[in-house]
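The chain contents come next:
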Amino acid sequence: MGTVVEINHLSKSFEEIHAVRDLSLTVEQGDVYGFLGQNGAGKSTTMRMMLTLIAPSSGNIKIFGKDLQHDRKEILREVGAIIERPDLYKYLDAYDNLELFARLSGIKPTKKELMAQLEKVGLADRAKSKVKTFSQGMKQRLGIAISLVHNPKLVILDEPTNGLDPQGIAEMRNIIIGLSKEHGKTVIVSSHLLNEIEQVATRIIIIHKGKKVVEGSASEMFDPAKTLVSLETANYDVLQKLSGSSFAKCYQKSIGDEMLFEMNRKAIPDFNKALVECGVEVTSMTPRHSLEDFFLRLTA
Amino acid sequence: MFVLYKIELYKIFRKPRTYISFVAIALVITLMQLAFKTDGPVLSELLFSGLKDMFQFDGGNLLNGYFICYMILNMLLIQIPLLVAIVTGDLISGEANMGTLRLMLTKPSSRNEIMLAKFAAGLTYTLSLLVWMALLSLFLSMFIFGTDDLIIGKSNGLVQMVVDKQGDDVFWRYLCAFALAFLALGTVAALSFMLSVFAENSLGPIVITMSVIIVFTIISTMDMPLFQKINPFLFTSYMTAWKGFFNTASNDGSGMTGTIFSLSAILKAAGILVGHIIAFVGIAMYAFKRKDIVS
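Protein sequences, first through last, are from chains A and B.
Residues 419 to 718 in my numbering are what the first sequence spells out, letter by letter.
Residues 85 to 379 in my numbering are what the second sequence spells out, letter by letter.
If we strip away everything but chain B, and leave its shape as in the complex, we get (with noise of 0.2 Å):
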């Protein structure tokens, strides 16, 4: 199983295609970055001039990278799972299109340590494109740009400011935003995957993938009473569940060091993530164990 674990990461990260993902990561990024280097006084102004006028602040640094690390997680996070399709989309139904599955299929390995092995691979390129992301949106934007308290603003218009003065309040709700990223994203790649079975090529699953998520995003973003109840069993409901973790449990905007507001929301959200990744690929690997390779 480990060996197959392998010969699946190594084919995955032998392909061209692999790199997009990675190269476009850190296009986006870097120019962001670029952007927020050049012009930081001018959107500093923009983005806290209103907050300045109601509060004071003592001198601190607000386009700081835990800041700058936040608007792009809230960029990207919607366009990351095409870059997690475009792999893990393909891995069978490129097979299927390659010819590959049938001489892969008549070594002794059973369908479902295969359709694992695959997956688990699908996974680590998962993380591998999350951990990339960390390095650039976060390491990077904390080298460039230091470190200081969070401000950010919330869907209610309220503002949530997380203090970071002894350096310990925000780098945590990092990682953990980022471990619950892992999950939403993980979904996707089930997701995809799952397609993948049914499919002969590649192309398929990725848009059907990109189609799914955006309409369950429009529907969960959409405030309508019909929609409303739909939303609870959409799995995109849950893959900005990341958030939570810079709500502290303080309702006055000044934050509680070390707090989160909802902890059972995120955990609640992780579940359903897990849920739904579990699902995704039982229903794929029952429909491969019965698939007739006539291709």
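So that you can see chain A by itself, here it is in the shape it has in the complex (with noise of 0.2 Å):
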């Protein structure tokens, strides 16, 4: 294991819109790396920055050790991307633009071999269609089967999920976890939606208006042990009536008529229970991670 992605205080200002401040992260290898925030957030300038598609207006960023600004060829050979979408030369056929992104990538890979990339995705049997006819979900795998055409070691994906159906969704998250387990690929991956970057990464960062909030691994922050139960329910006692149980300390806080209790995924059973038993008329109770309750208030 080593550090595939260093940035050190990076930031970035369109005249006087700063979208990055001072972000510093590591990205290991191996890692499926989830940059989540909203929109606007700073994710996509920062990946930008990494592809050089953006020149920071300070800081820096070093790639398999290496300084993206000195050594960007070397570099950007071992780096598949997509930025957004995948925008492709709708005049030429699937076959065409794998091709054509291949050579660009600085290999010559035979008939064969694109072929066998196509499959992967699942488009082999439309490898001769003009790009202009495919739904949004075949763009997506092919600018995923153009990323990986070179084999590279860390693949960048920026919203990759964006205009996809819900099938279309499953097929990236699992295409994702492929890179990952499957190939050892180092992938950095971002969004905006909570559950799909929980359901991929195994580190985490989340930025908003350009700084870093918080970073740390998927197993930290989704700590089964600090879940948090959302609890609505009409009665205004209810820690009265919980007293004499060991769930009136899991209380935290009330917003509006949620109250929410933090504890262990395992016991929220038993709270329900002792909730019954206590007399309390639930009228709903939903488990959370902390996360995505501080999620959604940071994004709110």
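You may find that some hints are simply not true.
[Unchecked claim] Beta-carbon label-pair distances, calculated as ranges:
#, chain 1, residue 1, chain 2, residue 2, range
1, B, A204, A, K546, 27 to 35 Å
2, B, A110, A, E537, 39 to 47 Å
3, A, N457, B, G288, 24 to 32 Å
4, A, N457, B, I314, 48 to 56 Å
5, A, K491, B, G359, 50 to 58 Å
6, B, P316, A, E424, 21 to 29 Å
7, B, K352, A, S553, 55 to 63 Å
8, B, I104, A, H488, 41 to 49 Å
9, B, R98, A, K644, 35 to 43 Å
10, B, G288, A, K671, 36 to 44 Å
11, A, S553, B, T122, 16 to 24 Å
12, B, P100, A, K644, 52 to 60 Å
What the hints contain is simulated information worked out from the structure, not anything from laboratory work.
In this text, a Cβ means the ideal position worked out from N, Cα and C, and glycines have one as well.
Each of the two chains sits in its own frame; use the hints to bring them together as a complex.
Printed below as a string of structure tokens:
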């Protein structure tokens, strides 16, 4: 294991707008690193700086231990990326698009290799169809094939599920997990949707208004021992009724009609039972991660 | 770099819009040739009746392939820049609009390499357009109408005659004229290429390129003291320098085989056009290297 990406005090301003402010992070080999933040938080700008599409105002980026500004070509040979959506040459077919970008990546694959790549993303039977006839999901899969055709060590995917239907989202999720688990690639993936990141990421960073808010491993952030339980009830004396129970200590706070308790996820059935025994009429009870609560408050 | 150039060329010639220019040129030229073929005697009488009153012609073919090619070039070389800009104005802005530019720039090629490859491919397209035009306007006209002396009117009202009795004094002038026309069209290609760096769709560069050419041409043709001072600085003033190859050193209209009236003026025009190309492409590369790709 080693550090694949190291970003130090990265900032980017577009005239008056500070898109990214003093951002530092590290991505380790084999990570699926989730970039989480609402739209306009600075995720895409950071990823574009990692691909030299945008020049930083200050700070530096090292990838594979090399400085991105000085060793750009060498680094990008080992990087595959999709930024926002894979816009391809609509007047060319899938095969030609793949071959063209493979050549741009510095390799000259055989027809068999290109077809194998299309096969992996389920587009072999549409190899000779013009891209303009493709659905968004098919374009996204072709984009993945293009980003992987030169067998990169690092894959950067910016909002890869944008515009996809539920089936497409599930396919994309499986592709991302497969890249890490089956092919040992380091993946950086961004989204403004927590559940997308939650299901694929091993490490997560949340950025807001260009600043890092929190960074850590997914297992820490989604610790089941710190599950928040949101309770809605018509009873105003819940805490009094629960006073004899150990669950009273789990109470955190109230937001409007919602009461929040923090407990181990496994204890939720017992909590439910205790509430019924105490005579509390439960309107709804929803378990959620502390991160989700945090993220929702952040992006509200 | 050569791989990039080949890829750019491949992209240009796989785009349907590229062939609009070739079809348009073929259509216009063949229509003109058809008109000359059909109404040849009437046109000949109309064009040369005054001359026949003053000079004695020994039964030569005045409405020959060379003359028709000259007429075609005179008319078309003003419109061709639009056909060039349709493709070269799209080289960067078209990719920015499609979104392929950002995917392309994540690949291991420097921005300067990409720009040079794109411009070289744009120049190749311009050259192919000109070769296509030469094939149709010169070679096809020579085949249909034959060859003979070339008689052309000059802007000062005099008549220039290039004698081709031995069949060796007009053809080379056309080759040189097409070479200079390539530089002129290359300048248009460079201008629209530069403008495409600053645009997010190809319409802007194409319209601006044509506007610049129209405005500059109007300034060049208006005989006013202020505009005469500006003229030497406008590249459009040198776009018709190819006509200089048909001015022989003789002033009496009889023509002197193998001579050019002012080679220095032609070389100066070529130098200025090349200078413009270098400047436009230089600005484009400088701006593109510093451009943040946010689209």
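**Request:** Indicate whether the distance between the beta carbons of P100 of chain B and K644 of chain A respects the range 52 to 60 Å.
**Result:** holds, 59 Å
**Item:** Cβ separation of I104 of chain B and H488 of chain A, checked against the hinted range 41 to 49 Å
**Value:** Check passed, 44 Å falls within 41 to 49 Å.
**Message:** Tell me if the beta carbons of S553 of chain A and T122 of chain B are separated by a distance inside 16 to 24 Å.
**Reply:** violated, 53 Å
**Prompt:** Cβ-Cβ distance between K352 of chain B and S553 of chain A: within 55 to 63 Å?
**Reply:** Cβ of K352 of chain B to Cβ of S553 of chain A: about 58 Å, so the range 55 to 63 Å holds.
**Message:** I want to verify a distance hint. Is the separation of the beta carbons of N457 of chain A and G288 of chain B within 24 to 32 Å?
**Reply:** With Cβ atoms ~28 Å apart, the hint holds.
**Item:** Supplied distance hint 50 to 58 Å, evaluated on CB atoms of K491 of chain A and G359 of chain B
**Value:** Distance hint for K491 of chain A, G359 of chain B is violated at roughly 32 Å.
**Asked** Is the hinted range of 36 to 44 Å satisfied by the C-beta distance from G288 of chain B to K671 of chain A?
**Response** About 55 Å separates the Cβ atoms of G288 of chain B and K671 of chain A, which means 36 to 44 Å is violated.
**Item:** Supplied distance hint 27 to 35 Å, evaluated on CB atoms of A204 of chain B and K546 of chain A
**Value:** 29 Å Cβ-Cβ, so the 27 to 35 Å window holds.
**Prompt:** Regarding P316 of chain B and E424 of chain A, is the given constraint of 21 to 29 Å on their beta-carbon distance met?
**Reply:** violated, 56 Å
**Message:** Holds or violated: the 35 to 43 Å window for the beta-carbon distance between R98 of chain B and K644 of chain A?
**Reply:** violated, 56 Å
**Asked** Is the gap between the beta carbons of N457 of chain A and I314 of chain B within 48 to 56 Å?
**Response** Given range 48 to 56 Å: holds, Cβ gap about 50 Å.
**A110 of chain B versus E537 of chain A beta-carbon gap, inside 39 to 47 Å or not** = This hint holds: roughly 43 Å between Cβ atoms.
Checked against the numbered hints given earlier, this structure breaks hints 5, 6, 9, 10 and 11; the rest are met.
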